[in-house]
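J.: If you want the building blocks of each chain, they are given just below.
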Amino acid sequence: MSKTDNILFIILQVIAWIIFVGLSIEAGGLIVNFVFSIFSPDMLPRLYNKLDLTGIFDQSSATYYGLYSFILIISLLKAVLFYEVIKLTWTLKLDHPFTLTVARQISTISYFTLSIGLLSYIGRQFAKQVERSGFSTGSLDVFWNDSQAFVLMAAIIYVISAIFKRGVELQDEHDLTV
Amino acid sequence: MPIIVNLDVMMAKRKMSLNELSEKVELTLSNLSILKTGKAKAVRFSTLEAICKALECQPGDLLEFVSEDEKAKPD
Numbered sequence: 001m002s003k004t005d006n007i008l009f010i011i012l013q014v015i016a017w018i019i020f021v022g023l024s025i026e027a028g029g030l031i032v033n034f035v036f037s038i039f040s041p042d043m044l045p046r047l048y049n050k051l052d053l054t055g056i057f058d059q060s061s062a063t064y065y066g067l068y069s070f071i072l073i074i075s076l077l078k079a080v081l082f083y084e085v086i087k088l089t090w091t092l093k094l095d096h097p098f099t100l101t102v103a104r105q106i107s108t109i110s111y112f113t114l115s116i117g118l119l120s121y122i123g124r125q126f127a128k129q130v131e132r133s134g135f136s137t138g139s140l141d142v143f144w145n146d147s148q149a150f151v152l153m154a155a156i157i158y159v160i161s162a163i164f165k166r167g168v169e170l171q172d173e174h175d176l177t178v
Numbered sequence: 001m002p003i004i005v006n007l008d009v010m011m012a013k014r015k016m017s018l019n020e021l022s023e024k025v026e027l028t029l030s031n032l033s034i035l036k037t038g039k040a041k042a043v044r045f046s047t048l049e050a051i052c053k054a055l056e057c058q059p060g061d062l063l064e065f066v067s068e069d070e071k072a073k074p075d
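Chains A and B supply the protein sequences, listed in that same order.
So the first sequence is numbered by full-length UniProt numbering: it starts at 1 and just counts up by one.
So the second sequence is numbered by full-length UniProt numbering: it starts at 1 and just counts up by one.
Read the hints as simulated data drawn from the structure, not as lab findings.
Keep in mind that the hints are not guaranteed to be accurate.
EDC-like cross-link-like pairs, simulated, lysine to aspartate or glutamate; straight-line CA separation at most 16 Å [to be verified]:
| id | chain 1 | residue 1 | chain 2 | residue 2 |
| --- | --- | --- | --- | --- |
| 1 | B | K39 | A | E169 |
| 2 | B | K39 | A | D58 |
| 3 | B | K41 | A | D172 |
The calculated label-pair distances, taken between Cβ atoms and stated as ranges, are [to be verified]:
| id | chain 1 | residue 1 | chain 2 | residue 2 | range |
| --- | --- | --- | --- | --- | --- |
| 4 | A | L8 | B | M1 | 53 to 61 Å |
| 5 | A | L8 | B | K39 | 32 to 40 Å |
| 6 | A | N145 | B | S46 | 53 to 61 Å |
| 7 | B | R14 | A | W17 | 56 to 64 Å |
| 8 | B | I4 | A | D146 | 39 to 47 Å |
| 9 | B | E26 | A | L100 | 26 to 34 Å |
| 10 | B | I3 | A | I163 | 25 to 33 Å |
| 11 | B | T37 | A | K87 | 31 to 39 Å |
No residue lacks a Cβ here, since even glycine has one placed at the ideal position from N, Cα and C.
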């Protein structure tokens, strides 16, 4: 492995950590928002993203909990996804990459990505339905406007994991050739 | 696997230890052990040649084919 590859890999590790920390802060902020929106709604303008869905809560609490569930689950899944990516960068050794653990981790990442994509899509459809009933959900678009990208990414990662599994088989065969 | 490696039989016939064979064929003990226990998935011709030279035998003395049906038959 060349020196450039090594440096690039370290840079990717650092980027994965930064994104993970950012997503964890976002998920944490949304959880705090959710708790405050129930117990002390007047604090909301001072909290993360100033996300205030109390208008929806006043009209229908079921809709409010439904929308918030989607937002929280998606943001938590994004944080978990990047935690899995970090775990992968720690396990993956570039001079001996084809191991069963790495193959399993890549498949897990693809499942998480697919879940995020599908949940974002369902969340967006739910928000559209809610909007038709007269609720204002425009501020929530940022949480699910990248659903198609996640589904496409999941498909690509799944293909990579399948190729990786074959690589592990070939590596095993190579290791057991005397 | 229907291919059986009779390396232990040939080693016993020639009264040769695994260490001695390992030195003669320049293979690691772990690789020879993989071959002896039948865990190997493939054998290189060069390895086979070295073992045949060291044990003064034919490849047929080392490898045997026993079909799955034959294995399943009671003695």
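J.: Determine for every hint whether it applies to the structure shown.
T.: The hints, checked one at a time:
no.	hint	result
1	K39(B) to E169(A)	holds, 15 Å
2	K39(B) to D58(A)	violated, 69 Å
3	K41(B) to D172(A)	holds, 9 Å
4	L8(A) to M1(B): 53 to 61 Å	violated, 42 Å
5	L8(A) to K39(B): 32 to 40 Å	holds, 37 Å
6	N145(A) to S46(B): 53 to 61 Å	holds, 60 Å
7	R14(B) to W17(A): 56 to 64 Å	holds, 59 Å
8	I4(B) to D146(A): 39 to 47 Å	violated, 57 Å
9	E26(B) to L100(A): 26 to 34 Å	holds, 31 Å
10	I3(B) to I163(A): 25 to 33 Å	holds, 29 Å
11	T37(B) to K87(A): 31 to 39 Å	holds, 34 Å
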